[in-house]
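K.L.:
Once you've looked at the hints, go ahead and assemble the two chains, each given alone in its own frame, into the complex.
Heads up: the sequence lines are chains A and B, in that order.
Residues 62 to 316 in the working numbering are what the first sequence spells out, letter by letter.
Residues -11 to 423 in the working numbering are what the second sequence spells out, letter by letter.
Calculated from the structure, these hints are not laboratory results.
Fair warning: there could be bad hints in the mix.
Per the computed footprint, the stretches of chain A lying under chain B, defined by three or more beta-carbons under 8 Å from a beta-carbon of chain B, are [what the hints assert, rightly or not]:
1. 128 to 139
2. 164 to 171
If you anchor each label on the Cβ, the simulated ranges turn out as follows [said to hold, decoys possible]:
3. Glu39(B) x Glu137(A): 45 to 55 Å
4. Ile356(B) x Tyr302(A): 28 to 38 Å
5. Arg410(B) x Glu175(A): 44 to 54 Å
Note that CB positions come from ideal geometry on N, CA and C, so glycine has one too.
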Amino acid sequence: MSSIVIQELRVSIADKEIIRGLSLEFSTGEVHAVMGPNGSGKSTLAKVMAGHPDYQVTGGDILMDGVSILEMEPDERSRRGLFMAFQYPMEIPGVSNANFLRAALQARLPEGEELDAVEFYQRLYQKMDLLEIRREFTARAVNEGFSGGEKKRNEILQLAMLEPVFAVLDETDSGLDIDALKVVAKGVNTIRGPEIGILLITHYQRLLNYIIPDFVHVMSEGRIVRSGGKELALELESKGYDWLKAVKPETVGAN
Amino acid sequence: MAQGAVTMTSTELSSILSGPGQSSAPGWFKELQAKAWEEFEAEPLPTRSNELWRFSSVKNLGLDGYVAAPEFSGDPFSLTRPREFPQPSGRIIFANDSLVTAELLDPALESAGVIFTTLADALKKHPDRLREHFMAQSVRLGSAKFASLHKSLVQAGIFIWIPRGVEIHNPFEVFHLVQGDWTTVFPHTLIIAEDNSRVTILEHFVSANPEERGLACGVNDLVLNPGSKLSYISIQEWSRNFVSVQMNSTLAKKDSAALNLALNFGGKYSRLESVSRMVESGARSDMLAISVARDEQEFDQRTLQDHQKPDTTSDLLYKNALHDQSRTIFSGLIKVEPGAHRTDAYQKVRNLLLSDDAEANSMPGLEILADDVRCTHGATSGQVEPEELFYLKSRGINDLAAKRLIARGFLNEVVDRLPQERLSEYLHQQIEARL
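Here chain B stands alone, though its shape is the one from the complex (with noise of 0.2 Å):
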């Protein structure tokens, strides 16, 4: 630390571990923050012999160093503009943890009673929604720390309101932009879609410069009610020195389809849990994600298909695409719970190995308490097939590209499962530039 302008920065802005600060928030949440950063205090960071960090690189999680997110310097929109879904419904840019815009696009879903607005909005206007829907989700996979970190710090946040029977076609944008050596965020996302309504949110997670460090401990929480249909899609794209504790739960109600969708790409280390809970019948949740790890980056998933009532369906597909010394942990459970009949439940992890040193751990499971239920589950490793291979160079394409399309071709199968004819083919286009 020995250059001084980087020293001079440091000394300025406060250390995350010095906990909540001034916020303008109203008084039972700021009770509610210092609970949490009571409970993160009381909570020791993860260990390996912790079975829910079996495999982790659990060395990464030190929080010695970061700081609290300084002003974002720089044109915000430089960053958002090459990434842009064309037409969205709405969009919101938050840069290290800041506001920069927030625009509801579609004029008509305001006079339709949509709530698309930031957390810090969202806590003078529907305090009710929020003292009832905020981190109500158990954290269940192993960051209970970094859930109460978040609870307690978190800044910057989307609070989208679905009307009962409002179906929004165009989806919604939400970009979290991090600048800064040693920044920290906390991009929240809480999106309650009510009876019948439809609704797409695709959310960025962007650094400025690909060699600053940083940490990312995100919440997203999905409440899907009775016949809704709610989609959420990530692209992650942070530095790579970033750490990043990204916890998602899906909570589906009677009849509704949940998606989720996870584009992973950047980060140094990056964990991802989500859960997903059919807590009544007729209940779905589609569980998707793309990894693409490079160089000695670790991508660090887990999952839960918690199925608690009859006639439920889950359906996970994660595909990772490992390069270089890269390496991927999977670890996934298929819960069906007493009673929970008639469940569909579907687990499939693939692994490419591009590299003879990459290295991906799967570890599926299930526990069945129930009857009459269809579960598979599968995970498989495995380089590119040499006969394909063969096959793409006798066309005249050369060993890496011909690589690359094969690499293109097992994620885009992910992407496929879409329904959105636009955003596969938006995704398809992210995807493409970035491999």
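Extracted from the complex, chain A is given alone in its bound form (with noise of 0.2 Å):
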């Protein structure tokens, strides 16, 4: 079994600060969920997990199996197995889905040793299947004139072929429509098991309806001010997030 420990993170960005002592535990086998409204310090959490060069973290540490991965760059945080699905995926003009992908396989091979091109092919077409993702979005460039539900899926595909051991899924639910939300879900579900930890972001609790996840923990003003089961993503969206400021001296005292 595989963990992800964040002590005590704290997190700024141009001198201001958005996480404040932040902790969280998840290993594989294990989905979170972290909820919580806009400005909470949520898709930081994840792009600071992911190694986002405009973030620096003043305090605390993210551990991977014990090992800090604060000072890794973050193509190496991906190759030791942590993979970010992005809220707002870049466009990279020229260079094709599948090409990407390729490069993205062949980092993690040893040096000299080729990706073996029909394999990856019919991997590939599985998991597009899987996705419903059509055929020619292998040669389409990587997100270039991609709907926002297609980009999504593109990362959920990404997610599938890299294969990593911990998932952040940064408000992989926002743009998307029900049918598109059903298809990421699945994609999910079907990657979801006892070789992988997923971290779900999001605002809303309608994508755990589809994804249900094992712990939620809800965030506001850069902390993690409530922890629970499934069920306190349903008080959550019934009491709304106003319900949380009447509760959050007394979770912060306990924390």
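P.N.:
Dropping the structure here:
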């Protein structure tokens, strides 16, 4: 079993503190949801885990199987098994989706070893079928001209192809209609299992109807203010995030 | 010049500055060459104060030291084989301006009357066509001296003539190979596409040795008769100590469609002048170029899109990927002449700066003397987008590989404009191998 341990993390961007002493643990075989209102620091958490260079960690640590990843470049974190699905996936003009995925998989092989092209396309097509992505998307430039839903499915395709140990999904549900959401959820549920730990970051409870989490954490003002089982998401749905404001002092005290 | 072997060779070979030597060309052509030599001698070398040479490192253009090409020693096929396009319609190979082989590989083309031969052969067999077309298009972008030099010393060249209505799908392939320090070559290409014909030419410029100095002074003239389609693609891989001056002219008549694509990889200083003249209505010219500049390489590109008649189109897209301390210069003019109404003319230059020390100079220009025209031009320079880089790195691709992937994608967009899929795939591979 592998685990990620986030300890008393503090993160700033341009001298503004966004994450203020956040602690969270999750392991392979588990699905955790992090919920919270806009501006609570959810996306910052995802980006700082992936190693975005604009964020400064001013305190605390992120450990993957006991090893701090904070000094690692984003590509090293990825090769060690950490994946982040972007809220706003980037377009890479002129680079085909297939070549992009091949480069990402090739980066995981020892030097001198070549990716087997036939095997690669077999796997790729299988995963694309699962995510209802048409074959022509292999030749199209990465995310260029993709609809919002196509971009999100493409993120899950990358997740399926790279087979990480930990996946952080940053608002993968945002901008999706219900059909696209179901396809994405089906993809994630297929990938889900004892070999992977998943952290779902979401604003809405809706996604959690389709991907049932084992644990739910509520984030506010850069901290986890409440943790519980899947029923916490429903409670939050009915009561709204304002309810947190009332309970905050107590939970912070318990932190 | 203390090394014995080099000195020996150099003294045996004549300097290019001694003018045209012995040749078996017909008298009228020798006269033309003699006259061109006088013009060459009368013209001064370029200086930076001349607007047409602004920003250019003209210090590279001195002509002392260069010698007429010696005999090519070694195996030319070891250079051509790894670069060959699969199944061309014909192939001509020159090594140090001497013919190695000329083959028309598709026998059906010969019976259709297609001429695919050397300049020397064409001078014997098709003198009238050469008299009409040989360097008939004026040079306007600054290199008149080099055009005269080329004209007076040219030996190796190709002449392609496609009869009316003949459509050739597989490209013709031409190689110009160079070997020997201080060697000079004068590659010449003349292609005439008759009415409604269709042809593609792929030309390679290759140095055998990556260090040897040399000079290439080349001319490429394309003539498109009504309704014809002509694509010309060049892949320039001269040595890193080479100086190259290449002058391309395209003459597009009624409803014809020209496409030029230059892939520039080699050379220390490479000047590429490209003129497209749309001389009858409905004519179109696509002008494309990719340059990958490294170390202290300089690519100096000057273009003219000359719209002489109404309802003509030109579309220019030049992309430069600059590494290290390399430089690029682009100066391009869209000229819409009086009466050339309803012209569509586009010009786009994009520079990807992969190093803080690289320098890209862009000088786009417009001169519009007609009404109801659509013209856009623009030049942009930028570095790799940090968010794109982060995205690729977050998938496990390291910094260097990610930048390479972004640069490749940036350049691929130009090649993707080619309508022929097999050819663009081949070119993608060629680019890949050189990045």
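K.L.:
State for each hint whether it applies.
P.N.:
Verification of the hints:
{"no.": "1", "hint": "128 to 139", "in the structure": "holds (count 5)"}
{"no.": "2", "hint": "164 to 171", "in the structure": "holds (count 4)"}
{"no.": "3", "hint": "Glu39(B) x Glu137(A): 45 to 55 Å", "in the structure": "51 Å, holds"}
{"no.": "4", "hint": "Ile356(B) x Tyr302(A): 28 to 38 Å", "in the structure": "59 Å, violated"}
{"no.": "5", "hint": "Arg410(B) x Glu175(A): 44 to 54 Å", "in the structure": "24 Å, violated"}
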